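There are 2 protein chains.
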Amino acid sequence: MSQQLSSQTPSNQDRIVGKHVFGNLYDIDDKLLMDKDLLEGLVLEAVKIAKMNLVEIKSWSFGGKKGGVSVIALVEESHIALHTWNEYKYATLDVYTCGVDSNPQAAFEFIVSNLKPKRHQMFFADRSSE
Amino acid sequence: MSQQLSSQTPSNQDRIVGKHVFGNLYDIDDKLLMDKDLLEGLVLEAVKIAKMNLVEIKSWSFGGKKGGVSVIALVEESHIALHTWNEYKYATLDVYTCGVDSNPQAAFEFIVSNLKPKRHQMFFADRSSE
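Order-wise, the sequence lines are chains G and W.
UniProt numbering puts the last residue of the first sequence at 130; the count rises by one with no breaks.
UniProt numbering puts the last residue of the second sequence at 130; the count rises by one with no breaks.
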């Protein structure tokens, strides 16, 4: 009986559980979106909130009208990516985590609550193996 | 008249055009999914096919049952992320590009055609500013 239940509901031990929360963040204070250190700090904190293990984090600044900041954190074995465009007061955020106990939505909401976009969207994609 | 049309259909010069193609790739030859150099080479070629400008590419190998390879390319100003789990013959792929002329779908399909998953999904998310 338990074996039958097990085959109907595969154990999370037997597959990769991938959770990807992503969205677009509109109308943000442009000064925040130029502050590479602040943005990297938010992503670092988000890694903890999502219950992920950080492997490496890196950030870059880009000049020009369509410039801004990119922060990418590699975690085991997925990523957080935050891209900003200060002239457009715009940012996009992807929080992709692995593991049944990870919480990408909490990490996404943490960054949103700090950047305070006037509008934003949040979507979920299942990145699990079969 | 042209001004009116312009306000109805905003010029792509006036906003960030972000295109994100992503999906899960099932049942891949596990030897391919352990070959960090091969996977990094595929992502580098995909950057060109998508008509993106590479800023930096990096790859990592992870051991253990849930290990594999991660390759992340930062491009101006978005990313390609390929994560693999060889024990599960599984990979996920995100090709997120900026610019009206970029072609993330061609890059996605290039990597799929090389990894030859028995099944895969492909989704599109609009990451453009308003």
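These are computed hints drawn from the structure, not numbers from a lab.
As the structure is a prediction and not an experimental result, all values here were calculated from the model.
Take the hints with a grain of salt, since some may be wrong.
For chains that are exact copies, the list does not tell them apart, and a pair is met inside one copy or across any two.
To be verified - Cross-link-like lysine-lysine pairs, in silico, DSS-like; alpha carbons within 30 angstroms at most:
#1 Lys36 to Lys65
#2 Lys89 to Lys36
#3 Lys66 to Lys51
#4 Lys65 to Lys48
#5 Lys31 to Lys66
When Cα atoms must be at most 30 angstroms apart, do Lys66 and Lys51 count as within-copy, between-copy, both, or neither? For Lys66 and Lys51, the Cα distance is within 30 angstroms only across copies (17 angstroms; inside one copy 33 angstroms).
Identical-chain pair category, Lys36 with Lys65, by Cα at 30 angstroms: For Lys36 and Lys65, only the intra-copy Cα distance (17 angstroms) is at most 30 angstroms; the inter-copy one is 36 angstroms.
Up to 30 angstroms between alpha-carbons, please classify Lys65 paired with Lys48: within, between, both or neither. Answer is between; shortest inter-copy Cα gap is 23 angstroms, intra-copy 33 angstroms.
Can you tell me if Lys89 and Lys36 fall within 30 angstroms by alpha carbon in one copy, between copies, both or neither? This pair counts as within: shortest intra-copy Cα distance 15 angstroms, inter-copy 37 angstroms.
With 30 angstroms as the alpha-carbon cut-off, assign the pair Lys31 and Lys66 to within, between, both or neither. Classified as within; 15 angstroms inside a copy, 40 angstroms across copies.
In summary, this structure violates none of the numbered hints.
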